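Those protein sequence lines, which keep their order, are chains Y and E.
In terms of our numbering, the first sequence opens at residue 817 and continues consecutively.
In terms of our numbering, the second sequence opens at residue 817 and continues consecutively.
The reader is advised that the hints may include incorrect statements.
A pair counts as met if it fits within one copy or between any two copies, since identical chains are not told apart.
What the hints assert, rightly or not - Restricting the straight-line Cα-Cα distance to at most 25 Å, the calculated cross-link-like pairs of lysine-lysine (PhoX-like) are: (1) K861 / K947; (2) K931 / K1065; (3) K861 / K905; (4) K1280 / K1025; (5) K1140 / K1195; (6) K1070 / K890; (7) K890 / K875; (8) K931 / K947; (9) K931 / K861; (10) K887 / K875; (11) K911 / K1025; (12) K972 / K861; (13) K887 / K1140.
Everything labelled a hint here was simulated from the structure, so no lab data went into it.
Bear in mind the structure is a predicted one, so any value in this text is a computation, not a measurement.
2 protein chains.
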Amino acid sequence: MAEKKTKEKQPEVKKSSLPVKSNFSEWYNELLLMGEIMDVRYPVKGLYVWFPFGFELRKRTYAIIRELLDKDHKEALFPLLIPETEFMKEAEHIKGFENEVYWVTHGGQNELDVKLALRPTSETAIYPMYKVWVRSHADLPIKIYQIVNTFRYETKHTRPLIRLREITSFKEAHTVHATWDEAADQVKEAVRIYQDFYRRLAIPTIVSKRPDWDKFPGADYTMAVDTLMPDARTLQIGTAHHLGNNFAKTFDIKYEDLNGEQQYAHQTCYGISERSIAALISIHGDDRGLVFPPEVAPVQVVIIPVLFGKSDEIINACRTVADKLREKGLRVTFDETDERPGAKYYRWEMKGVPLRLEIGPRDLKNNVATIVRRDNGSKDTGLLDHIAEEVNKRFELIRENLFNKAQSQLKERMHDCSSLDQVKEKISAGIARIPWCGERECGLAMEEAVGAGILGIPEGEPGKGTGNCPICRKETKNIAIMAKTY
Amino acid sequence: MAEKKTKEKQPEVKKSSLPVKSNFSEWYNELLLMGEIMDVRYPVKGLYVWFPFGFELRKRTYAIIRELLDKDHKEALFPLLIPETEFMKEAEHIKGFENEVYWVTHGGQNELDVKLALRPTSETAIYPMYKVWVRSHADLPIKIYQIVNTFRYETKHTRPLIRLREITSFKEAHTVHATWDEAADQVKEAVRIYQDFYRRLAIPTIVSKRPDWDKFPGADYTMAVDTLMPDARTLQIGTAHHLGNNFAKTFDIKYEDLNGEQQYAHQTCYGISERSIAALISIHGDDRGLVFPPEVAPVQVVIIPVLFGKSDEIINACRTVADKLREKGLRVTFDETDERPGAKYYRWEMKGVPLRLEIGPRDLKNNVATIVRRDNGSKDTGLLDHIAEEVNKRFELIRENLFNKAQSQLKERMHDCSSLDQVKEKISAGIARIPWCGERECGLAMEEAVGAGILGIPEGEPGKGTGNCPICRKETKNIAIMAKTY
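Isolated chain Y (complex conformation) (with noise of 0.2 Å):
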């Protein structure tokens, strides 16, 4: 149905219609459409339909958190409702969605007793439940996360996977520790995960520590992983906050020790969201449509018959390649559509699929497909006779350029700055790397100065260097990254 649909209800899209990547935001919100991954016309501002296909690449890229998790996590299952009275006890925590939190207030004509907020995140809908489940240190680490929707009443411009009303794909983890150590280590665990979680996407990401100001409010400090999307801005599309024993307190939750001592719990959180897909599908796809990694497209081969005339050996050729990848695994599309082949071209590379087999007349005389690569436009030949191997063995190629050209884009739109003039230069371009302190007037200063955001200081190559603060001057081998943000 959904193809179809592209072709019957709107006669008026056409390959020209998609804009250039160049002109990233008209590209993003087309293909979205014409990708088939989100219809933008449901009546609510900030609300979004997941569309078949745009679903089942969700759930390849769930599919892949969720390995990455349950190797020691488990997954459950919270209410979506928190009463007013729970949501109302973490101060900073409130003071930083009270803004953004939509009300239930009536249920049928009643008004009800408790207002009820629609979870901005479940921290307060999950820790009166560890209250009662922790009791002694052999009760911990506890390690559990859940995927569900999240709302937010956001009043700035609203955007599809980006900035959305309802979150659709909030994986969030919540993690309880006996000490402040431990839950230090999951945090970095958490990253770790995350980085693998991006890294099989093929996308590069930086992590920072998040300036004090920016963290997550009630946390001890908050990591981000970002990236940097076409459009020079980045993206933060990971974060894991260690919560100290802030919560802990709040929410009295307590073991006791070896000694038999009550102590305060120490937690973490960590959350990714559809931002993760915003970023596959900006990062990857060009002027034609869709680029997938082959673990997630939901379409891997896509098998044309070449013909001239009709030619029952072509077709059952067709079948028999499309058969042997099925058995393998391989999810598979032969297009036996009497359109012509130009036109299934431009279906299936708007689609993002990784291959495309062809098959004519003197492909089967020499007992080969005709091979070509989405990502590069590359095309050769591989036997029939070792089709899944040939597939295969362009997946891994597929998936490690996809990777290497979005890393080069990322390391080449990173620039080192020595003024904060220089800095507000290259934001237009990219990151904005600058020597800071670490402190946080002149961190603050800096932001005023430059009209955009400090990330932090990021781990690795691109956060080490020498240089002086541009406010205080000290001289400091921290440095700092901005860009303009999501």
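Based on the hints, put chain E in the right spot on chain Y.
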């Protein structure tokens, strides 16, 4: 963490504390907690928490319905929030839901311009999109489903998995067809899918067309799937509605037919919720706890070493068996804790593990494992060399036994009645069969006289017979079923 919890923090939880099943209501509530399915201690009425173990059961159960639907349906995802303007379009539908709808009236401190309903079901969220998606006969049929949380402001007594304010696991399918007949076929197909689903859960079902006064608000008719709970009340565990072109007219869903004429589409919708899991737990469970068909059991096999002193040999044999079974894709726990065997038996029986394998010195000498079935307690041995076959053979027997047992119980508790007094008596023990002419007036009078509902005239044997309608005395071949319902 889940297992530890039971041990650590509920020292009061002892074998004796699960009420007997004949005391159904208390048994059910306690079992959900002791079996770690749901935590009922969330601080809002009608909202519950899925423990990780319960969530695993949910995942396995919904994997079956997904498998059955994915053959020709597509999964998608529509927003939770429905603007009042859309929600209020279909008059019948509003009447059916207006007393049960939660309303979001505020975002942050602001009152919203248009109130937003939390979906009680998604017709009014999905059909505005179908209006946009459906253009031509070639777009049809559309068969889409989603698995989402829905909300009902229940004023009656709530009960976990059965009567909820947040239905966390509503699988709703929504189809669009050219003609009324095609939609009618789809309703039949939906019922068939649900019967397959419940057969896999070893749950016997009764299918009937609901009386006209009990159909879905806005439907032409409703087919319902019921089962019988241990307390002699029936539980509606699936419905399929023929919507005619009622919603198509309201939401302006039209297609161009082969002659180029605009026609209203015909629709169906059908749903299943976590009541499927309530039925699963209630029907198969016993005085010792949960009993699961192997396909959905979170743990399928538990291996317990029977040790007299330390024995590396036995531990190694257990490990080898566990590895062998895992290789075959089975979900296996090797319980190496140093508890007494009795405590282990108790725990894993409570958790519904279909097979317990014990390996002691004598077993090892004979190269066998002692195999104990959870469903009937039977005990025999299986050769270690063919342990996977031994296990799978018993899985099949367990599923069959569970279904047959439940099926005979259902049959035993169907009572033929010829008077309403008899019906009144028999519905305390099960389902009453009574002739009914099929007329609305007679049906309503029967319900009033008995103080219970007519489920409908069931398909197959239970709906066949002859007798006189107890109200108008006309002879009829229709047998209706009446029961106390959840």
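* **Violating hint indices (sorted, rising)** => As far as the earlier hints go, not one is violated by this structure.
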